[in-house]
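> Line by line, the protein sequences are chains A and B.
According to our numbering, the stretch in the first sequence is residues 1 to 821, in order.
According to our numbering, the stretch in the second sequence is residues 1001 to 1109, in order.
No lab work stands behind these hints: they were computed from the structure.
None of these values were measured; they are calculated from a predicted model.
Careful: at least some of the hints might be erroneous.
[What the hints assert, rightly or not] A few chain A residues that don't get close to chain B, going by computed Cβ distances all over 12 Å:
1) I9
2) E189
3) T224
4) G371
5) V373
6) R389
7) G438
8) P528
9) G530
10) G571
11) R754
[Said to hold, decoys possible] Label-pair ranges, simulated between beta-carbon atoms:
12) R1004/B x D809/A: 27 to 33 Å
13) V606/A x E1075/B: 43 to 49 Å
14) D570/A x E1075/B: 40 to 46 Å
Where a beta carbon is used, it is the ideal one built from N, C-alpha and C, also for glycine.
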Amino acid sequence: MAREDREKIREELVVVGNGMAGCRAVEEVLKRDPHRYHITIFGAEPRVNYNRIMLSPLLAGEKRFEDIIINDEAWYADNGITLIAGDAVVEIDRAARTVKSASGRVVEYDRLVLATGSDPFVLPVPGAKLPGVVTFRDMDDVDAMLRASETGRRAVVIGGGLLGLEAAHGLSLRGMEVTVIHLMPTLMERQLDEAAGFLLKTALEARGQTILTGAETEAILGETHVEGVRLTDGRVIPADIVVMAVGIRPNTVLAQAAGLEVGRGIKVDDHMLTSDPAVLAVGECVEHQDVCYGLVAPLWEMCAALADALTARPSEGYRGSVTSTKLKVAGLDVFSAGDFSGGADCEDIVLRDAARGVYKRVVIRDSRIIGAVLYGDTGDGAWYFQLLREGADISAVRDSLIFGQAFAEGGSFADPRQAVAALSDNAEICGCNGVCKGAITRAISEQGLTTLDAVRSVTKASASCGSCTPQVEMLLSLTLGDDYSGERVVSPMCKCTDFTHDDVRRLILEKALKAIPAVMQALHWKTPDGCSSCRPALNYYLLCAWPGEYADDQQSRFVNERLHANIQKDGTYSVVPRMWGGLTSAKELRAIADVVDKFNIPTVKVTGGQRIDLFGVKKEDLPAVWADLNAAGMVSGHAYGKALRTVKTCVGSEWCRFGTQDSTGLGVRIERMTWGSWMPHKFKIAVSGCPRNCAEATIKDFGIVCVDSGYELHIGGNGGIKVRATDLLCKVATEEEVMEYCAAFIQLYREEARYLERTAPWVERVGLDYIKQRIVEDAEGRAQLAARFRFSQQFHQDDPWASRVAGRDAHLHRPLSLAAE
Amino acid sequence: MTDRWIDIGTIHDIPRLGARTVPTPLGDVAVFRTGTDRVFALFDRCPHKGGPLSQGIVHGESVACPLHNWVIDLETGAARAPDKGCARKLAVRVEEGRILLSLPLAVAA
């Protein structure tokens, strides 16, 4: 057949979009049937087809534009493709089957492919149009960033997703000071869970970037050029350039105007046909079965389906994609795939290897992998992803799945005991202290060690982070056989960890762990975010360990401490203002009475700790109740917290005919010193003015009984479930000594007791002698304990009601509303 | 009766691992947000003694009731064994950051 005749029977295929999807679609068509169509490609950008994914290395200076071209001009020429670059299509006439470009060019089509991609989303904030504000989408954006990095110093990237972090990394390599502003609490929250996001943030910060999470942009500042970004909390971050990388949305303008069916994207069926069978669509601009994709892998699958349709090949078509994300920024490996959000019918297998900086989480449902998040070691990402896509049953390798393909498919090592037994003598067991297997087994047999503690003290193995404890215990059992009975008499904190409360407290200090996710990572927590038992404990331990430094986690607090009021059986709350040493005044009583009237408070009761309790306050009234009590000079009584509650007093020498000292005045002094302090459990103090003990000081956590010659100090009393009278700690002569001993005792309890362990069981557990030795005999240690207590008090003695009244978290007291649609 | 999807705000209105309530003519609904940004809705009453689940500690995909620490599954509303009972659940979904709650039409209108 003559060339002209072949040309005549060729159909006209017009592709709108010269990006990755448009050109890939053409490549796939050519692969199947190179002579079927005469092809015209329109591109809005005045350049040939390039690899958009490579914009980041381009920005980072690792590649040049020539390196990222996919198809050069010769490709278009060789395949007889007409490329119309830099002239965007502005109109489709479906009846006439023509498209019209911005310059007025009209081209006919038999089949039309829309590959219009997506547009970067620009936050509608003031200043968003200022020069110096760019998106990160095409070559022009990269050029703008490169120019900025030559003259400017500071860059702000809005958006901590994949794209934003790549932009931040590139600008950082170009020598700019980079701040990333991210609305959500976790970086890349669509790909990473909280734990992995936390690790990523920490690593990027270590590389010099400033990462602000939970930060909302309010405005972009500047007169003629961008000068900074203001957040909704008032912070201003100076900037010479602002990159918006907050998301993309499918570009459907053209399709919509042409009357095609459009949802979030252009709607297509499994064969990539739109509502008009002559028009197909592919890539980020489409919506397939309610899903829009923003990654490259689905795009390849769509292009194959589209080419099958265009060349009339029978095919199953496109069935949607399970996507995975792999990121390597600044040498950090991150991988995620599938659905890692978990769920009721899902199980998590989590591996945290702090020494190697590795976090792995595989989510399983019905013995099949449905999601995976890997941080630090992504080597097995492809394997997990394959198992996920195939829907493979993993029951056979479940026990060793998390250790990766080599281990899980090694078969013979599926039993961890065998795996340890098979290790060579020079295999390292304890990474922290560099102890190998041979050193441990030799120490066990030569020195007759029989306990974990003995191995720890002799070899140092398992003595630091403790993550190798199971292996050391296996070595004990392998070496000793039946002579090793196992140990761990102290049970773990909860089912989320193998560590005991004491281990956790010790390691928080040793490893300088300063956030709950950091503890969970370093100590290999087995659940993604703990449980209602370990989170409050961790929050307290961190608060105690790092006063003034640790950021309190409200969501890890019991409701009473979150709302600074006591929840009652009907869901209302009770409120107790502090009355120092049990003293009050007409003014305070009047204010309380007014509050009772104003808020219809049904019950007012005097407590056992000489305070007034207001019962039946509605949650939404709490801020107003606090505001009125604050206005009368009263602060929160902490009658709801694991905290210093009350200092009960008798009337003492001022009025009582038996009183030996000013017990009321001393009680007030002590309460002024100790209020606001968080404790492992509730803590009560009392001061009695004489041995008649009217303040019942001998059933308090710390009790003072005044006598003629000074003060008896009592500890470990409990009037609660199991009544326990105090032990006598010692006798002191002056009020100053009372204050120091009291502060030191409280601090020792705060630092060493387990969460939810009151002083009575704690004193019985560690022994009175131990406490006497620390508080009475060791004067220097006592002074240091007291000093640590006073140091931490400077951060904790602020009234929680006042900050709430001032508006902190005010919205959390208001319900959401059923807004009109 | 058909249901109606109602916009109640954005996902940022709820603290992560926390909850907010929505008053409805049928009673308060607690809308929870998990650590992985999944959103669930249950009537704000524990099947045990009616405790406000919205005030509990959220962990994984469950919440511990603040009154007696019953652990309620957010997906189904069922209490974790050995406890028995079920909090009534409502359909909820997130679209582009907006939370849409499904309420019976008669109530939503």
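> Now tell me if each hint is right for this structure.
Structure-based check of all given hints:
With 12 Å as the threshold on Cβ separation, the claim that I9/A sits away from chain B holds: the shortest Cβ distance comes to roughly 46 Å. Distance to chain B contradicts E189/A as a non-interface residue, since its nearest Cβ pair spans about 6 Å, not more than 12 Å. The non-interface label for T224/A is consistent with chain B: the shortest C-beta to C-beta separation is roughly 32 Å, beyond 12 Å. For G371/A, the condition that its CB be more than 12 Å from all CB atoms of chain B is violated, with the nearest at approximately 10 Å.
Listed as a non-interface residue, V373/A fails to keep its Cβ farther than 12 Å from every Cβ of chain B; the least gap is roughly 10 Å. At roughly 21 Å from the closest C-beta of chain B, the C-beta of R389/A stays outside 12 Å, upholding its exclusion from the interface. Consistency note on G438/A: stated as away from chain B, and its beta-carbon is indeed over 12 Å from all of that chain's, at 41 Å minimum. A beta-carbon of chain B comes within 12 Å of the beta-carbon of P528/A; the shortest separation is about 6 Å.
With 12 Å as the threshold on Cβ separation, the claim that G530/A sits away from chain B is violated: the shortest Cβ distance comes to roughly 6 Å. A beta-carbon of chain B comes within 12 Å of the beta-carbon of G571/A; the shortest separation is about 4 Å. Distance to chain B confirms R754/A as a non-interface residue, since its nearest Cβ pair spans about 18 Å, more than 12 Å. Roughly 31 Å separates the CB atoms of R1004/B and D809/A, a value that falls within the hinted 27 to 33 Å.
Separation of V606/A from E1075/B is about 45 Å and conforms to the stated range, judged on CB atoms against 43 to 49 Å. Here the CB-CB span from D570/A to E1075/B is close to 27 Å, at odds with the stated 40 to 46 Å.
Of the numbered hints stated above, those contradicted by the structure are hints 2, 4, 5, 8, 9, 10 and 14, listed in ascending order.
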